[in-house]
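A.B. asks: Input sequences plus hints: build the corresponding full structure.
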Amino acid sequence: MNNSQSEKERIAAVPGLFTIDDPPHLIGGRMRSSGAYCFPKDLGGSDPSVSIDQVEEVLLSRKGIIWSYTNSVYSPPPPFVVREPYESITVAAVELEAERMIILGQVAPGWGVDDLEIGMAVELCLGILYEDENREYLTWQWRPITTSEMEATSG
Amino acid sequence: MDEVALLGVGMHPWGKWGRNFVEYGLHAAHGALRDAGVAWRDIGFVSGAITVRCGYPGYVAGSTFARALGFNGTQVASSYAACASGTTALSVARGQLLSGACDVALVVGADTTPKGFLAPGDGERPDDMDWLRFRMVGATNPVYFGLAARRRMELYGATQEDFAAVKAKNSRHGSLNSNARYTREFSVEEVLHSPIVSDPLRLLDICTTSDGGAALVVSTMDFARRLGIREPVRVAGISLVTPTYPDTVLDLPYLATDSAVSSEVPAVSFKESIALHVYREAGIGPEDIDFAEVYDLSSALELDWYEQLGFCGAGEAESFLHSGATEVGGLLPVNPSGGLGAFGEAVPAQAIAQVCEIFWQLSGRAGKRQVQGAQAAVAVNQGLFGHGSAVLLRR
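Chains as they are written, first to last, in my numbering: chain E, -17 to 137; chain S, 228 to 622.
Because the hints were derived from the structure by calculation, they are not lab data.
Treat the hints with care, since some could be wrong.
From the derived model, a few chain E residues whose C-beta atoms are all more than 10 Å from chain S [said to hold, decoys possible]:
| no. | residue |
| --- | --- |
| 1 | Glu(-9) |
| 2 | Arg(-8) |
| 3 | Ile2 |
| 4 | Asp3 |
| 5 | Asp4 |
| 6 | Pro5 |
| 7 | Pro6 |
| 8 | Ser33 |
| 9 | Asp35 |
| 10 | Leu41 |
| 11 | Gly92 |
| 12 | Glu105 |
| 13 | Asn116 |
| 14 | Arg117 |
| 15 | Met132 |
These stretches of chain E come out as covered by chain S in the derived footprint (C-beta under 8 Å, 3 or more residues) [claimed, not checked]:
| no. | stretch |
| --- | --- |
| 16 | 15 to 26 |
| 17 | 42 to 54 |
| 18 | 60 to 72 |
Where a beta carbon is used, it is the ideal one built from N, C-alpha and C, also for glycine.
C.D. replies: Shown next, in the form of structure tokens:
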């Protein structure tokens, strides 16, 4: 029974936002002329000195520091797809040092607001947003890590 | 900036009435015309603030309201800028007046809002940031309010008690306002016992969504004088600024901030720049402001506005609040109307409602919530996707 579950195809709920490699990465944009980043790649730039055709695809840093966090105790409306029974989603905004930007995402299941602090180290992982008989639809999530894990490998 | 006169205002009470938004807009428009002493046939321009939740009539709000008042060949326009729609509609009217296209104009916004979270329209739109934040993260508007509130706690030591005190203050103001949806006073304890929605914010910290309508009659200064009004309330400044790259504060509906790798971060934040522009247009500063209407989507965001409007320094909003300064009767009352905490948000009407309150206050007609001797006031808010919104009025 568990086997049939684990055999489900794992796909991104929306393609083009992150890789499903191990380990996964968010797919961002980098302006060729300025070196500045954006996320998502195609919805990013508001830099008046850069035209959109100068954006190249890059993988963003996998580790960052929590800038702020909260949760959604009540289930969000569509287009969010609620998995019943709904359990409070925890959300973190995470600062990436190299990119000097903040990226929002869910926090991995099992971590609530009481477990988090601003300044805590996290890394990117993938989690199930919703599923049907054949597939698991994935999104990116942030998972707290220890300081030594943070220092182990950059990016 | 050249000024225009605000001759009269009208409002349909906020609530959850569930009726056609046109009815609220029409009620407010008739009220504003009556208040101004201007006949509908004399209005040269109707500036409608669009609602996106009421079908096609909402998208063409200007002509919808004009038709409801009776088509008579007047010029119309319709504006959408989320919460900044009302200010945008006022700005379009000001442009018509100052260009000489007309002498007197009507600005109207109204909405009928469904229950629950505001959410994107139907359809699969992975290239729409507003759709993506709901689908991929479940990031509702209160999630962003929660992130901002937590940030304030970290930076300045704000507490949930501070946030609750904002709500309690605004509920005291709202209890004196017959146009408010909630006229009951809430204590700090009641706020602190309401359920968490997006930690650290509770149900009573977060504004609800409402039905309502508001309208303004604005004219050239010459027109006002011809009516015999020598000292009208004047629109002295409007701010509709966008952020300046790189904007490094995460705000809705975005999944990420700009990257600060290549460009210097602006000396002032987006919200501070909204205030700076309206002060610049009016040629006055925060020290000249007697009271303010600010967008308290959450109680915590009101505290941010005290600082962004220059009423106190960064990190001082909590002590400013607890000093009683922002209560009616205090040094610089904020949200004497009761704010969004007492009204709930009727998106296209809300910025216009802020101006209505300022008009009543500056005209000495605000009853028990009157700010004594007020000469100048500012209304501020912010529309999704980078629409700054502020109006400065004085008499």
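A.B. asks: Could you run down the list of hints and mark each one as holding or not?
C.D. replies: Evaluation of the provided hints:
1. Glu(-9): Glu(-9) (chain E) clear of chain S: closest Cβ-Cβ about 19 Å, beyond 10 Å.
2. Arg(-8): The claim stands: Arg(-8) (chain E) keeps its Cβ more than 10 Å from every Cβ of chain S (closest is about 15 Å).
3. Ile2: holds (14 Å)
4. Asp3: Non-interface label stands for Asp3 (chain E): nearest chain S Cβ at 18 Å, farther than 10 Å.
5. Asp4: Holds, since 20 Å exceeds 10 Å.
6. Pro5: Consistent with the label, Pro5 (chain E) stays out of reach of chain S, its closest Cβ about 19 Å off (over 10 Å).
7. Pro6: About 14 Å separates Pro6 (chain E) from the closest Cβ of chain S, which puts it past 10 Å; holds.
8. Ser33: For Ser33 (chain E), whose nearest Cβ neighbour in chain S is about 14 Å away, the distance exceeds 10 Å, so it holds.
9. Asp35: Correct as stated: the minimum Cβ-Cβ distance to chain S is 17 Å, above 10 Å.
10. Leu41: Answer for Leu41 (chain E): holds, closest chain S Cβ roughly 15 Å.
11. Gly92: holds (16 Å)
12. Glu105: Check passes; 17 Å lies beyond 10 Å.
13. Asn116: holds (19 Å)
14. Arg117: holds (15 Å)
15. Met132: holds (19 Å)
16. 15 to 26: holds (count 10)
17. 42 to 54: It holds: at least three residues are needed, and the stretch 42 to 54 of chain E offers 6 whose Cβ sits within less than 8 Å of chain S.
18. 60 to 72: That given contact holds, which follows from 5 residues of the stretch 60 to 72 of chain E lying within Cβ reach (below 8 Å) of chain S.
In summary, the structure agrees with every hint in the numbered list given earlier.
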